[in-house]
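Undergrad: Residue strings, one per chain:
Protein chains: 2
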Amino acid sequence: MAKKNYSCDVLIIGTGVTGLATAMYSARFNLKTIVVGDLEGGTITQTDEVSNYPGFKNLTGTELANKIKEHAMEYDITILGEFIDRISKEGEVFKAESSTSIFEAKTVILTTGTKAKELGVPGEKELMGRGVHTCALCDAPFYKNKILGVVGGSDSAAKEALLLSRHAEKVYIIYRGESIRPEPVNGKKIKESKNIKIINNTNIVKIVGEGKLDHVVLDKPYNGSKEFKLDGVFIEIGHIPLSDLAKQLKVNLNEKGEVKVNRNSETNILGFFAAGDVIDTEFKQAITGVAEGVTASYFAYQYIQNKS
Amino acid sequence: MAKKNYSCDVLIIGTGVTGLATAMYSARFNLKTIVVGDLEGGTITQTDEVSNYPGFKNLTGTELANKIKEHAMEYDITILGEFIDRISKEGEVFKAESSTSIFEAKTVILTTGTKAKELGVPGEKELMGRGVHTCALCDAPFYKNKILGVVGGSDSAAKEALLLSRHAEKVYIIYRGESIRPEPVNGKKIKESKNIKIINNTNIVKIVGEGKLDHVVLDKPYNGSKEFKLDGVFIEIGHIPLSDLAKQLKVNLNEKGEVKVNRNSETNILGFFAAGDVIDTEFKQAITGVAEGVTASYFAYQYIQNKS
Numbered sequence: 005m006a007k008k009n010y011s012c013d014v015l016i017i018g019t020g021v022t023g024l025a026t027a028m029y030s031a032r033f034n035l036k037t038i039v040v041g042d043l044e045g046g047t048i049t050q051t052d053e054v055s056n057y058p059g060f061k062n063l064t065g066t067e068l069a070n071k072i073k074e075h076a077m078e079y080d081i082t083i084l085g086e087f088i089d090r091i092s093k094e095g096e097v098f099k100a101e102s103s104t105s106i107f108e109a110k111t112v113i114l115t116t117g118t119k120a121k122e123l124g125v126p127g128e129k130e131l132m133g134r135g136v137h138t139c140a141l142c143d144a145p146f147y148k149n150k151i152l153g154v155v156g157g158s159d160s161a162a163k164e165a166l167l168l169s170r171h172a173e174k175v176y177i178i179y180r181g182e183s184i185r186p187e188p189v190n191g192k193k194i195k196e197s198k199n200i201k202i203i204n205n206t207n208i209v210k211i212v213g214e215g216k217l218d219h220v221v222l223d224k225p226y227n228g229s230k231e232f233k234l235d236g237v238f239i240e241i242g243h244i245p246l247s248d249l250a251k252q253l254k255v256n257l258n259e260k261g262e263v264k265v266n267r268n269s270e271t272n273i274l275g276f277f278a279a280g281d282v283i284d285t286e287f288k289q290a291i292t293g294v295a296e297g298v299t300a301s302y303f304a305y306q307y308i309q310n311k312s
Numbered sequence: 005m006a007k008k009n010y011s012c013d014v015l016i017i018g019t020g021v022t023g024l025a026t027a028m029y030s031a032r033f034n035l036k037t038i039v040v041g042d043l044e045g046g047t048i049t050q051t052d053e054v055s056n057y058p059g060f061k062n063l064t065g066t067e068l069a070n071k072i073k074e075h076a077m078e079y080d081i082t083i084l085g086e087f088i089d090r091i092s093k094e095g096e097v098f099k100a101e102s103s104t105s106i107f108e109a110k111t112v113i114l115t116t117g118t119k120a121k122e123l124g125v126p127g128e129k130e131l132m133g134r135g136v137h138t139c140a141l142c143d144a145p146f147y148k149n150k151i152l153g154v155v156g157g158s159d160s161a162a163k164e165a166l167l168l169s170r171h172a173e174k175v176y177i178i179y180r181g182e183s184i185r186p187e188p189v190n191g192k193k194i195k196e197s198k199n200i201k202i203i204n205n206t207n208i209v210k211i212v213g214e215g216k217l218d219h220v221v222l223d224k225p226y227n228g229s230k231e232f233k234l235d236g237v238f239i240e241i242g243h244i245p246l247s248d249l250a251k252q253l254k255v256n257l258n259e260k261g262e263v264k265v266n267r268n269s270e271t272n273i274l275g276f277f278a279a280g281d282v283i284d285t286e287f288k289q290a291i292t293g294v295a296e297g298v299t300a301s302y303f304a305y306q307y308i309q310n311k312s
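Line by line, the protein sequences are chains A and B. Each number in the numbering used here comes from the position in the first sequence (counting from 1) with 4 added on. Each number in the numbering used here comes from the position in the second sequence (counting from 1) with 4 added on.
Honestly, I wouldn't trust all of these hints.
For chains that are exact copies, the list does not tell them apart, and a pair is met inside one copy or across any two.
To be verified - List time: in silico BS3-like cross-link candidates among lysine-lysine, alpha-carbon distance up to 27 Å:
id, residue 1, residue 2
1, Lys36, Lys193
2, Lys230, Lys210
3, Lys36, Lys148
4, Lys251, Lys121
5, Lys210, Lys150
6, Lys150, Lys129
Read the hints as simulated data drawn from the structure, not as lab findings.
Input sequences plus hints: build the corresponding full structure.
TA: In structure tokens, the structure reads:
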């Protein structure tokens with residue numbers, strides 16, 4: 005069957021909150037806008053409680069995504085549930101393909117985000133957002149005076165533990181290796197902390213709970229038992245930026261595989277922008293991704309204006 | 005009377021949406037946070053309709069400011085209605101003063117915004133947000149197929165007219181000088197546009213309407229009359245960044261007087277951050293200001309962590 009053909013001013017790849025908000029702004033510039041992705045709402049829909057998107061005290065990730073989608077749909081945009089796996093630039097036109105469609109676009113804004121690395125243990129998927137988390141910055145305030153675990157040994161994991169320790173009663177860092185490897189300043193702080201304890205050489209092999217986390221199972225006993233009670237466990241073993249399409253276009257990536265952009269959300273490829281978790285920022289939040297996308301749509305508009 | 009003394013981790017100067025959202029995030033990092041300014045809600049409260057803050061289809065500027073304020077007040081922050089007119093850095097501590105208080109802070113985040121330049125004619129203040137506007141990007145979509153005026157001759161005014169012309173039936177650029185001075189690319193587009201008309205050597209001397217704009221009065225007749233019917237008029241004669249406090253600290257400013265920051269919202273002065281309309285961005289929106297402030301709060305947290 006022949007593929008369906010689309011053409012547009014702005015092709016936004018990624019239907020998370022960043023992509024949807026970007027589409028809204030692009031349409032406000034009267035640009036013909038298509039937003040396409042395989043996970044509508046994006047990874048935030050995996051978060052049970054969002055309390056850090058300014059303006060909304062508290063809502064679920066799905067609720068926030070729906071609000072931004074409904075907002076975008078006030079404008080003349082096309083949202084498609086497809087996975088784009090190929091992209092090229094022919095002259096000044098971008099050509100992207102999914103298994104069913106071909107898109108021609110004057111500009112592309114990549115908002116594909118990241119994928120959190122998983123432990124791959126039983127119970128992890130089922131209890132995600134219900135005691136199992138991947139973002140201390142998002143979810144720490146829900147655990148005032150609680151007992152938490154952080155899985156990982158990187159500086160990120162250490163920083164997450166420090167942040168959690170400002171809220172929680174006790175934080176256990178559970179690390180598979182000999183000793184965690186934070187930046188010295190963070191290592192020092194962990195050492196000085198009264199409520200962070202490191203458990204090295206230990207893996208979580210199972211996560212257990214009915215509807216919410218009850219305990220984790222370790223591969224070796226801690227305090228005499230492999231069963232370890234936790235109110236929350238934060239998996240901080242890294243994220244994978246979904247930047248394959250950028251790679252196909254020879255867009256500059258950093259050592260983590262994140263798309264390098266400037267303050268205008270521009271990459272090294274003219275007309276190709278990126279925003280949200282996929283870019284080379286240290287601090288990745290829904291609100292920052294949305295703003296980066298909005299900025300990208302403005303500079304996409306400028307780019308199209310200056311060419312025509 | 006002795007001034008009242010405060011000390012905090014983060015002093016946010018400016019109580020607009022950027023400052024309030026920044027306070028919310030700072031408090032989420034468990035930083036002792038004070039936000040102080042003389043215009044609660046900021047300039048967005050002068051906008052009747054906001055339809056471009058992703059997540060809220062349509063609300064007034066005051067409603068948006070209130071939502072973000074209520075959100076911030078879920079956390080342990082202090083909001084003060086005072087005007088800080090003096091700041092210094094003594095060692096590693098910032099010291100700021102209003103007429104009634106003295107603040108000591110480990111970090112400062114400047115979110116004082118800008119002031120739109122005014123024509124200074126009768127009716128302008130009264131009809132602001134009711135036919136008189138200062139932001140085409142914000143308010144263009146409300147004027148589909150309407151007759152609009154843009155006051156100004158800069159490239160910004162030209163770009164605003166081009167944007168408005170994508171929505172409106174007709175756009176008149178009203179300029180006091182001999183001829184407007186847009187960038188060539190924009191000048192060309194205006195020349196080619198079918199619905200933009202330039203009226204040079206002309207000033208608006210009065211803005212008239214009951215509750216909403218009815219017409220403006222020109223200082224010389226156009227088409228035989230000084231009374232000129234418009235559905236909306238956009239005053240685009242520039243903005244003044246409120247960066248005096250930054251200047252006192254010898255923070256680097258650009259030629260417009262805007263605070264120069266990097267992608268981390270950091271300035272050249274350690275511990276001093278800036279966000280929102282006061283910084284050196286081309287594209288200034290509520291959503292981008294809020295995100296810049298949120299980013300500033302994160303790097304303020306890092307800065308404090310690394311010092312302690």
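Undergrad: Hint by hint, say whether it matches the structure.
TA: Each hint, compared with the structure:
no., hint, verdict
1, Lys36 to Lys193, "between (51 Å within a copy, 19 Å between copies)"
2, Lys230 to Lys210, "within (10 Å within a copy, 80 Å between copies)"
3, Lys36 to Lys148, "between (47 Å within a copy, 17 Å between copies)"
4, Lys251 to Lys121, "within (20 Å within a copy, 45 Å between copies)"
5, Lys210 to Lys150, "within (20 Å within a copy, 63 Å between copies)"
6, Lys150 to Lys129, "within (22 Å within a copy, 53 Å between copies)"
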